[in-house]
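Top line first, the protein sequences correspond to chains Z and P. Counting from 1, one number per residue, gives the positions in the first sequence under full-length UniProt numbering. Counting from 1, one number per residue, gives the positions in the second sequence under full-length UniProt numbering.
Hints were generated in silico from the structure; no laboratory data involved. Careful: at least some of the hints might be erroneous.
Capping the alpha-carbon separation at 20 Å, the derived lysine-lysine pairs in PhoX-like fashion look like this [unchecked claim]: (1) P:Lys-268 - P:Lys-195; (2) P:Lys-176 - Z:Lys-28; (3) Z:Lys-122 - P:Lys-12; (4) Z:Lys-70 - P:Lys-135; (5) P:Lys-176 - Z:Lys-120; (6) Z:Lys-122 - P:Lys-9; (7) Z:Lys-28 - P:Lys-13; (8) Z:Lys-64 - Z:Lys-84; (9) Z:Lys-64 - P:Lys-135; (10) P:Lys-169 - P:Lys-135; (11) Z:Lys-261 - Z:Lys-93; (12) Z:Lys-120 - P:Lys-9; (13) Z:Lys-122 - P:Lys-169; (14) P:Lys-268 - Z:Lys-120; (15) Z:Lys-226 - Z:Lys-313; (16) P:Lys-268 - Z:Lys-122; (17) P:Lys-13 - Z:Lys-120.
Label pairs and their in silico Cβ distance ranges [stated by the list, open to error]: (18) Z:Gly-285 - P:Leu-53: 26 to 32 Å; (19) P:Lys-135 - Z:Pro-104: 37 to 43 Å; (20) P:Ile-32 - Z:Leu-163: 47 to 53 Å; (21) P:Leu-18 - Z:Pro-104: 45 to 51 Å; (22) P:Phe-183 - Z:Ile-307: 49 to 55 Å.
These numbers come from a predicted model, not from an experiment. Cβ coordinates follow ideal geometry from the N, Cα and C atoms, glycine included.
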Amino acid sequence: MNAMSSQLQPEMHAAVQPKTKKSLNRMKRSDWFWAYLMIAPTLIGLSVFYLWPIVQTIYLSFTKWGGFGKYKWAGLHNYELLLKDPYLWIALKNTLIYTVIAVPVGIAISIFIAVLLNQKIKGITIYRTLYFLPVVTMAAAVAMVWRWLYNADYGLINYLLGLIGIEGPRWISDPAIALYAVIIVAVWSSIGYNMVIFLAGLQGIPRSYYEAAEIDGAGPVRMFFKITLPLLTPSIFFVSITSLIGAFQVFDLIYLMLGSKMGNPATEQTQTMAYLFFTNGFESGNGGYAAAVAVVLLVMILIVTAIQMKLQKKWVHYD
Amino acid sequence: MSVYTSRNKTTKKLLVHLLLIAGALVMIAPFIWMVLTSLKSLGESTQVPPVILPTKYQWENYTHIFEMLPFLDFYWNTVITTAAKVVGQVFLCSLAAYAFARIEFPGRNALFILFLTVLMVPGQVFLLPQFMIMKELGWLNTLTALIVPGLFSAFGTFLLRQFFMSLPKELEEAAKLDGCNHFQIYWRIMLPLAKPGLIALAIFVALWSWNDLMWPLIVNSTPDKMPLSAGLAYLTGEHTNLTNYPILMAGSVLAIWPMIIVFIFLQKHFVEGITLTGSK
Chain Z
1 MNAMSSQLQP EMHAAVQPKT KKSLNRMKRS DWFWAYLMIA PTLIGLSVFY
51 LWPIVQTIYL SFTKWGGFGK YKWAGLHNYE LLLKDPYLWI ALKNTLIYTV
101 IAVPVGIAIS IFIAVLLNQK IKGITIYRTL YFLPVVTMAA AVAMVWRWLY
151 NADYGLINYL LGLIGIEGPR WISDPAIALY AVIIVAVWSS IGYNMVIFLA
201 GLQGIPRSYY EAAEIDGAGP VRMFFKITLP LLTPSIFFVS ITSLIGAFQV
251 FDLIYLMLGS KMGNPATEQT QTMAYLFFTN GFESGNGGYA AAVAVVLLVM
301 ILIVTAIQMK LQKKWVHYD
Chain P
1 MSVYTSRNKT TKKLLVHLLL IAGALVMIAP FIWMVLTSLK SLGESTQVPP
51 VILPTKYQWE NYTHIFEMLP FLDFYWNTVI TTAAKVVGQV FLCSLAAYAF
101 ARIEFPGRNA LFILFLTVLM VPGQVFLLPQ FMIMKELGWL NTLTALIVPG
151 LFSAFGTFLL RQFFMSLPKE LEEAAKLDGC NHFQIYWRIM LPLAKPGLIA
201 LAIFVALWSW NDLMWPLIVN STPDKMPLSA GLAYLTGEHT NLTNYPILMA
251 GSVLAIWPMI IVFIFLQKHF VEGITLTGSK
């Protein structure tokens, strides 16, 4: 490194001397050329496969599917149908219940575990690995083992409940329970990811704050609410935004754990917005209708994210 | 320090460990159950009360799945798709990210906002038109359909841009005076320095690609072009009347072990990657 920089010395001096306008322009233009060239592949790919589809989906939501890839302008027809569709309200309700329970519960448990792991403790890597396992695992495999565990007749969970005298419910075929059964699995599988972000946030809190509080005679609970929680708010904000967006789009676990509408009476009552989109768009071929569902989902996410951004000033503390 | 407080500390530590172990058990119990069930006989898997350990280990469950389904194809499709997406996305995103982070050019902010838009919009908004594009191009039921849209990523560009911005400016100035153009600076100087960021993105892409479900379900409906995720969903779906839990569990074990191994070995980078994305 040293040898290189000493070699560069003469040129460095040359560079400091005033340049002509022309060569400066040429340098700038070469910069621009390279910048556009380097961005081009991703920009073109994103435009074709992501940006243009956004425009198209919005357009499609105002059209009717005519078969053979033809679609006719239908104005607000899809949205009118959507408002009258009982499944929209079921899907909306389920999506909201899912979000309102899974996100805060997931965050609370993750913070609790992160706080436990933030102490000088042996085996932190092992714990982190174990808690993280569900995050790296395919939803299809996770759903399958949980379906088995939840099985009302020979599943492990109801057997264990039976040992302590509780008769377990029909977890995934009872429409009143199925959504909550899925939420349990969702929380279980999200803990590891959130925990890592919280752990990073916790490690940024200076030890001296706790030492000072200890001298003042503050107990662990008080320290948690007065120091840890306020200083962790930026991480909580990040996790809540990303988990909320994820929760609004929940599909994999619902689709995989409950199975088709034909086979399971609970599926119809437990569908979410993303499920409604999928079945309409790719199973029944109501493209325009599915596009309208996607647009509603987009608007919901934008509104909730905007609200969170607005509210963050009230509770997120950046130091 | 008095004896009292030090003993107090030990009990506290013990309590923390007990809590963490209890939690960890809940996290891994389903996996242990998965492995145990994959080695049971069909009868044992549905027995009441449940059998914990199989009386005779049925290793043939692991070979049956290859006979019953194009499981080898599932594997191959997943590995190829994942490898192509990792290499393609890391390369393309790092190129774009370098330009965004290190070069000033007209329209930089406007273009970056376009990238951020993609980041904000839920997946469902892209899917129908993406499907129609695939159909138009004749790519349905090909690996190309699984790979191509996954080569471009706003997230990856965003992540690596953060990384490139943190590198010192002196390096590229020296290289520029040496007569390097931007591609050479990117390739020879910046890329090696950005290795932690590249590894983090690679792991993310691998994980998402390996486990992705909705897109493969949409574009590839013939079993021999399905990846593991869709193949496993297919197993439990109405297409096959398979309720043979031991074989299903064997399939699950086979589908998840590569990512678990990758995770265990690259654990440090994984955590770094997540911290990187969560700390802005």
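Each hint tested on the structure:
1. P:Lys-268 - P:Lys-195: holds (13 Å)
2. P:Lys-176 - Z:Lys-28: holds (12 Å)
3. Z:Lys-122 - P:Lys-12: holds (13 Å)
4. Z:Lys-70 - P:Lys-135: holds (14 Å)
5. P:Lys-176 - Z:Lys-120: violated (47 Å)
6. Z:Lys-122 - P:Lys-9: holds (14 Å)
7. Z:Lys-28 - P:Lys-13: violated (61 Å)
8. Z:Lys-64 - Z:Lys-84: holds (17 Å)
9. Z:Lys-64 - P:Lys-135: The given pair, whose Cα atoms are some 19 Å apart, holds under the 20 Å limit.
10. P:Lys-169 - P:Lys-135: At roughly 46 Å apart (the allowed maximum being 20 Å), Lys-135 of chain P and Lys-169 of chain P break the hint.
11. Z:Lys-261 - Z:Lys-93: holds (18 Å)
12. Z:Lys-120 - P:Lys-9: Holds: Lys-120 of chain Z and Lys-9 of chain P sit about 12 Å apart, inside 20 Å.
13. Z:Lys-122 - P:Lys-169: The given pair, whose Cα atoms are some 40 Å apart, is violated under the 20 Å limit.
14. P:Lys-268 - Z:Lys-120: holds (18 Å)
15. Z:Lys-226 - Z:Lys-313: Holds, at roughly 18 Å.
16. P:Lys-268 - Z:Lys-122: holds (17 Å)
17. P:Lys-13 - Z:Lys-120: holds (9 Å)
18. Z:Gly-285 - P:Leu-53: 26 to 32 Å: Roughly 49 Å apart at Cβ, these two residues miss the hinted range, so it is violated.
19. P:Lys-135 - Z:Pro-104: 37 to 43 Å: Roughly 41 Å apart at Cβ, these two residues keep to the hinted range, so it holds.
20. P:Ile-32 - Z:Leu-163: 47 to 53 Å: violated (19 Å)
21. P:Leu-18 - Z:Pro-104: 45 to 51 Å: violated (25 Å)
22. P:Phe-183 - Z:Ile-307: 49 to 55 Å: At 43 Å between Cβs, range violated.
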